[in-house]
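> The primary structure of each chain is shown beneath.
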Amino acid sequence: MPIAQQPRPPSKSAALIDFSPEASSLAIRDLSLAYGETQALRHLTLRIPRHRVTAFIGPSGCGKSTLLRALNRLHDLNDAVVRQGEVWLEGEEIHGRGVAVAELRRRVGMVFQAPNPFPMSIYDNVAFGLRLQGGLSKRKRDDTVEWALRAAALWDEVKERLRASAWSLSGGQQQRLVIARTLAVGPEVLLLDEPASALDPISTLKIEELIRNLKSQLTLVLVTHNMQQAARVSDYTAFLQDGELVEYGPTDTLFTNPRLRRTENYITGRMT
Amino acid sequence: MDITGNVHSQHISRQFNQELDELKTHLMAMGGLVEKQVQDAVAALLDSDSSLAERVVANDRAVNDMQIKIDEECTQVLARRQPTASDLRLVLAVIRAASDLERIGDEASKIARNAIELIEADNGNRGFVEVRMISEHVRRMVRDALTSFARLDTELALKLVHEDDEVDSEYKSAMRSLMTFMMEDARAISSVLSVMWILRALERIGDHANNLAEYVVYLVKGLDIRHTDPEDLDKDMLEHGG
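For the protein sequence lines, the chains are F and V, in the order given. Residue numbering for the first sequence follows our numbering, beginning at 20 and increasing consecutively. Residue numbering for the second sequence follows our numbering, beginning at 3 and increasing consecutively.
No wet-lab data here; the hints were simulated from the structure. Computed from a prediction, not measured in an experiment: that's the story for all the values here. Among the clues, some could well be false.
[To be verified] The following label-pair restraints were derived from C-beta to C-beta distances: (1) Q17/V to G190/F: 28 to 34 Å; (2) Q152/F to Q17/V: 50 to 56 Å; (3) Q12/V to D271/F: 20 to 26 Å; (4) L158/V to Q236/F: 51 to 57 Å; (5) L158/V to Q247/F: 33 to 39 Å; (6) T149/V to E105/F: 51 to 57 Å; (7) D271/F to D51/V: 48 to 54 Å; (8) G190/F to I14/V: 40 to 46 Å.
[Unchecked claim] A short, non-exhaustive set of chain F residues, derived as facing chain V with CB atoms under 8 Å: (9) N245; (10) M246; (11) Q247; (12) P277; (13) T287; (14) M290.
[What the hints assert, rightly or not] Over the 10 Å line for every Cβ pair with chain V, so calculated as not near, a few chain F residues: (15) A53; (16) E56; (17) R69; (18) F131; (19) Q132; (20) N135; (21) V208; (22) H244; (23) D254; (24) D261; (25) T275; (26) N276; (27) N284.
The beta carbon of each residue, even a glycine, is placed where N, CA and C say it ideally should be.
All chains should be built: construct the whole structure from the sequences, respecting the hints.
Okay, here's the thing in structure tokens:
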């Protein structure tokens with residue numbers, strides 16, 4: 020893909036791909052993060068390309084979810100977290116003084132492993148963020164709800180029962196509802212933390228199809244334990260281990276011919 | 003990245019190790035059989051042994067069965083394990099190699115069938131010197147290709163890619179001298195044509211050995227050199243840290 024630049028010269032974490040600032044949505048610079056005494060991320064530097072799907076893979080405890088959560092400041096709620104380094108969203112440092120966290124989280128939405136619809140109707144779930152923002156006529160709000168449900172590939176399944184409880188939906192539908200709720204407020208980036216790990220194979224494929232379709236509209240970052248899933252849906256993959264970025268490259272080459280032994284061992288299931 | 007040594011048996015899943023090892027073992031067994039087929043087919047001609055030639059023709063079935071078995075095993079590994087990286091390349095290389103070995107088997111049986119005709123016609127041994135020379139060359143290529151596969155030896159594999167050019171030029175010059183025989187003696191045309199078919203089969207075997215060598219490079223380095231000019235190859239390998 021043309022937006023990728025040549026790999027940069029070898030640093031501590033070798034075999035990196037880079038993107039021009041113009042083609043990047045997020046830029047992470049020398050980011051380190053610790054939970055108290057436990058170091059979770061170590062000096063990560065990478066750019067995440069706009070309108071592409073980037074996957075973070077790695078063994079449990081490698082820091083991939085921590086990294087994902089750092090991208091919309093979810094760690095702010097935890098006093099034990101110590102962060103160093105920067106995260107830039109479209110040229111703006113997200114920890115800067117002028118940045119409102121609520122607005123940041125609108126721009127950088129997040130979907131978690133277990134679907135977490137609110138205990139209200141399907142319609143109200145999707146309209147929740149819109150009502151919070153206020154300023155929309157009912158007509159406009161209805162349109163946005165429909166648009167978000169269509170974008171999340173759920174509209175046809177729920178259009179007859181928008182007033183039904185969100186809990187009447189299946190797990191896979193609930194997950195797409197949560198994605199619709201996130202999309203409704205118009206994010207630029209969608210963070211997905213194991214979005215399909217609690218779902219059956221068909222629902223999983225629907226979510227994957229959705230991820231692929233959404234990338235024309237926004238930047239997606241996916242954390243997954245399922246490497247076949249990362250291989251199927253992502254354009255670029257970053258492999259993390261022990262809080263370090265080990266290898267970051269086009270998904271096509273990472274899964275057929277990784278550059279580093281550590282990556283090879285992990286994706287092929289070998290002892291290290 | 004490059005793979006060296008016995009990397010395919012270090013999985014956390016021992017069953018997976020075993021499956022990949024079996025693929026390689028079965029491919030080597032097939033290679034051994036095919037090598038023997040080529041050797042026997044040529045020996046049958048040179049020693050005028052038609053019963054040996056008939057055995058070669060009959061044995062081709064065993065070669066075909068082995069290909070089907072290996073393909074089936076590869077399908078199982080792909081379906082059950084979804085291999086990645088060097089494991090994926092191994093499975094793909096084995097499928098492709100088995101297909102080339104099967105074709106070498108077909109060529110051996112072609113040689114044996116032409117040998118039977120030549121033995122029956124009993125019309126001198128024009129071109130046998132060329133057959134002996136080229137057959138020794140391509141048999142060595144097949145053997146080296148299998149060795150490079152077993153040892154993941156890209157250096158040996160690359161040597162083969164260059165050797166195929168030599169076989170091609172030996173083949174061309176043999177064809178020229180056989181053409182002269184035909185012009186000199188019209189009654190010999192039919193048997194000289196049979197020898198030409200045999201040479202053609204040997205030349206094709208060289209091509210298949212060359213393919214096997216290319217799969218070794220793919221397996222070890224992750225580089226697809228199938229449509230690369232041999233002249234550019236070494237440079238290419240160097241650039242990839244080969």
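> A separate judgement is required for each hint: does it hold in the structure or not?
Checked hints:
no. : hint                         : result
1   : Q17/V to G190/F: 28 to 34 Å  : holds (31 Å)
2   : Q152/F to Q17/V: 50 to 56 Å  : holds (54 Å)
3   : Q12/V to D271/F: 20 to 26 Å  : holds (24 Å)
4   : L158/V to Q236/F: 51 to 57 Å : holds (52 Å)
5   : L158/V to Q247/F: 33 to 39 Å : holds (34 Å)
6   : T149/V to E105/F: 51 to 57 Å : holds (54 Å)
7   : D271/F to D51/V: 48 to 54 Å  : holds (53 Å)
8   : G190/F to I14/V: 40 to 46 Å  : violated (30 Å)
9   : N245                         : violated (10 Å)
10  : M246                         : holds (7 Å)
11  : Q247                         : holds (5 Å)
12  : P277                         : holds (6 Å)
13  : T287                         : holds (5 Å)
14  : M290                         : holds (6 Å)
15  : A53                          : holds (30 Å)
16  : E56                          : holds (30 Å)
17  : R69                          : holds (27 Å)
18  : F131                         : holds (26 Å)
19  : Q132                         : holds (22 Å)
20  : N135                         : holds (30 Å)
21  : V208                         : holds (28 Å)
22  : H244                         : holds (14 Å)
23  : D254                         : holds (17 Å)
24  : D261                         : holds (18 Å)
25  : T275                         : violated (6 Å)
26  : N276                         : violated (3 Å)
27  : N284                         : violated (8 Å)
Of the numbered hints listed earlier, those contradicted by the structure are 8, 9, 25, 26 and 27.
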